[in-house]
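If you read the protein sequences in the order shown, they are chains Z and X.
The numbering of the first sequence is full-length UniProt numbering, which starts it at 1 and goes up by one.
The numbering of the second sequence is full-length UniProt numbering, which starts it at 1 and goes up by one.
Source of the hints: derived by calculation from the structure; they are not laboratory data.
Careful: at least some of the hints might be erroneous.
Unchecked claim - Below are the DSS-like pairs computed for lysine-lysine, each with C-alpha atoms no more than 27 Å apart in a straight line:
| hint | chain 1 | residue 1 | chain 2 | residue 2 |
| --- | --- | --- | --- | --- |
| 1 | Z | K74 | Z | K63 |
| 2 | Z | K20 | X | K119 |
| 3 | Z | K41 | Z | K67 |
| 4 | X | K119 | X | K109 |
| 5 | X | K145 | Z | K20 |
| 6 | Z | K130 | Z | K20 |
Said to hold, decoys possible - Cβ-to-Cβ under 10 Å is the rule here; a few derived chain Z residues that face chain X:
| hint | residue |
| --- | --- |
| 7 | A277 |
| 8 | L312 |
| 9 | A349 |
| 10 | E361 |
| 11 | L364 |
Heads up, the beta-carbon is just placed ideally off N, CA and C, and yes, glycines get one too.
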Amino acid sequence: MKNTETISPQVCKIIHIPEKPSFLPHLQPTVNVLAAVIEPKDANTLVRKLNQIAPLENLRHVKRVLKKCIDGGKPQLSLLLCMAVENDGEVDHMPSEILELVKSYQLSTFITQVCKYAATSKEEWDEQCKLWPTSYHPPTYNISGITGFSEEESQSVFGFMRHTINLATSVGQVVNAAVIVDPSTKQVIASACDQVISSASLANEVSKEGSCSNYLENLKASNLENHQTSLLDSSVGEFKHITINVACVHPWRWALQSSGCGCPLRHAAIVAIEYSAARDLQLFPDHKTLSPLKRQKIESDFHSYQSLRPYLCTGYDIYLAWEPCAMCAMALVHQRVRRIFFSFPNPNAGALGSVHRLQGERSLNHHYAVFRVMLPEEVFRNKIAEAKISGSG
Amino acid sequence: MASYAKETFEFMKLALEQAKDALVNLEVPVGCVIVEDAEVIASGRNRTTETRNATRHAEMEAIDFLVEQWQKNGLSALEVSERFSKCILYVTCEPCIMCAAALSYLGIKEVYYGCGNDKFGGCGSILSLHTSCPELPSSELASSKKGFKCTGGIMASEAVSLLRSFYEQGNPNAPKPHRPLKPQV
Chain Z
1 MKNTETISPQ VCKIIHIPEK PSFLPHLQPT VNVLAAVIEP KDANTLVRKL
51 NQIAPLENLR HVKRVLKKCI DGGKPQLSLL LCMAVENDGE VDHMPSEILE
101 LVKSYQLSTF ITQVCKYAAT SKEEWDEQCK LWPTSYHPPT YNISGITGFS
151 EEESQSVFGF MRHTINLATS VGQVVNAAVI VDPSTKQVIA SACDQVISSA
201 SLANEVSKEG SCSNYLENLK ASNLENHQTS LLDSSVGEFK HITINVACVH
251 PWRWALQSSG CGCPLRHAAI VAIEYSAARD LQLFPDHKTL SPLKRQKIES
301 DFHSYQSLRP YLCTGYDIYL AWEPCAMCAM ALVHQRVRRI FFSFPNPNAG
351 ALGSVHRLQG ERSLNHHYAV FRVMLPEEVF RNKIAEAKIS GSG
Chain X
1 MASYAKETFE FMKLALEQAK DALVNLEVPV GCVIVEDAEV IASGRNRTTE
51 TRNATRHAEM EAIDFLVEQW QKNGLSALEV SERFSKCILY VTCEPCIMCA
101 AALSYLGIKE VYYGCGNDKF GGCGSILSLH TSCPELPSSE LASSKKGFKC
151 TGGIMASEAV SLLRSFYEQG NPNAPKPHRP LKPQV
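Start from the sequences, fold in the hints, and give me the full structure.
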């Protein structure tokens, strides 16, 4: 799988950011269970009985039977009986039905460990099975990319991300940029930059000096292992200075701009959603507002009209230079975006893994897949240098 | 309940009027008013259907109206921020995560809401975006996370019954369900 290779800053990468923080394969949480060695001939009967009297409600990923080959190639079967009572291996503490089973088959029980959560990757699964066998189901929810991208898809993703970074650095300062794309046609539906800072303020706030190198060090440091936390350390100094106008990174800062007022909530993603909604209205006007003739035509062709018209941003992807804040991440839930790609984590206010993790909030009525896109550092070095030159000129 | 000022209910009634207006227009019935110095200075209701923009919640409508007004009047960013810090929002349903974040960014003073929002709520139900982080040094306060006081349960049953009547008539804009809908309880 792509997302387990080591990251070199020279190479483009797409990293899936899952619903829950992932554990290092060898550090997965475990729980104690009660097990016993059984005669192979009894296995079927015992498993059937156990599934009735003690189903593994919270351990559905754990298999009942562990098969080992002991000396001489003879297989030895161990059977998982039930969850172990905390700090207690005493036989008389197991449920009475299991106790009966233990007595009638003369089993000698022992406590062992199994992994608490189902594996989310092949690597986790391999590690789990060293303790006790589990089953592994690769993600089944149907969002393409979670299980990897084809070469063609990857190139398309990198292309759109480059475009997004160009946009984020095209206004004389580094801001956030958002590009909504229909991946089925590779068409840009809408794009926008932050509109929080008024243009007059921007001109006044242009950085006097700044070394890209610290920033690039930070980018380099943000590899796979610590991509959720590395930039926490770098929220000081140059990095902070460069991101100072990125609305999602500093959403409380709008009030400090020196001139004009700007629009405090016009973050790039919010504006892009507004543009895509306006486009939808223009392409597929409300029946009510059409002339009777046109309305008739559309209604006679109602089915193709309905199938053409997207419901909000269903099926669309959005590219963002920075991980969105809670306001923008929730706006993208509301607008039913299918996938979010961003380049830089947002340790201040990011809502897709840094501070909050909206993709893991199961109560929400829509879930998108989230990916971080790593581009070679040259892309940023050039773009940030350009932004600085044009900004100070 | 009795401990709330009479005006709390008066303002919530106005928010409910906004929600009813949304219902009449086939929008999800949530409404709000923003009050400064005991005076309503903005109101809003859901417009997600009309705009095809699912972020056009009542709060966003009212906030955008105010920002636009204040911009026209030539207020500076700092002045806009000072005005918001005197504003109280009355909204019929707990602000969602998006709106709660927005209210925190603006530094609103206080929020009263009707019913809770156990699927999307950003003021305690799913996330708690209204709480501040008091440990920050005061020099950072102007540009850092702001909390606001938040009180729920004001005329909640009225707010819920509006939402119920909307969902009983069905959301005409939702995509066709993949499974048959569960019968109403």
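Here's how the hints hold up against the structure:
Restraint check for K74/Z and K63/Z: satisfied, since their Cα atoms lie roughly 21 Å apart, inside the 27 Å limit. Among the hinted pairs, K20/Z with K119/X is consistent with the structure: their alpha-carbon atoms are about 18 Å apart, no more than 27 Å. The straight-line distance between the Cα atoms of K41/Z and K67/Z is roughly 13 Å, inside the 27 Å bound, and the hint therefore holds. Restraint check for K119/X and K109/X: satisfied, since their Cα atoms lie roughly 25 Å apart, inside the 27 Å limit.
Annotation: proposed proximity of K145/X to K20/Z holds, straight-line Cα distance about 25 Å (limit 27 Å). The hinted pair formed by K130/Z and K20/Z meets the criterion: a straight-line CA distance of about 23 Å does not exceed 27 Å. Nearest Cβ of chain X to the Cβ of A277/Z: about 4 Å, under the 10 Å cut. The hint holds. The interface hint given for L312/Z holds, since its Cβ lies 6 Å from the closest Cβ of chain X, which is under the 10 Å cut-off.
Checking A349/Z against chain X: minimum C-beta separation of about 8 Å stays under 10 Å; hint holds. Annotation: interface hint on E361/Z holds; nearest CB of chain X at approximately 6 Å, less than 10 Å. With 10 Å as the threshold, the beta carbon of L364/Z comes within range of chain X, its nearest partner Cβ sitting at about 6 Å, so the hint holds.
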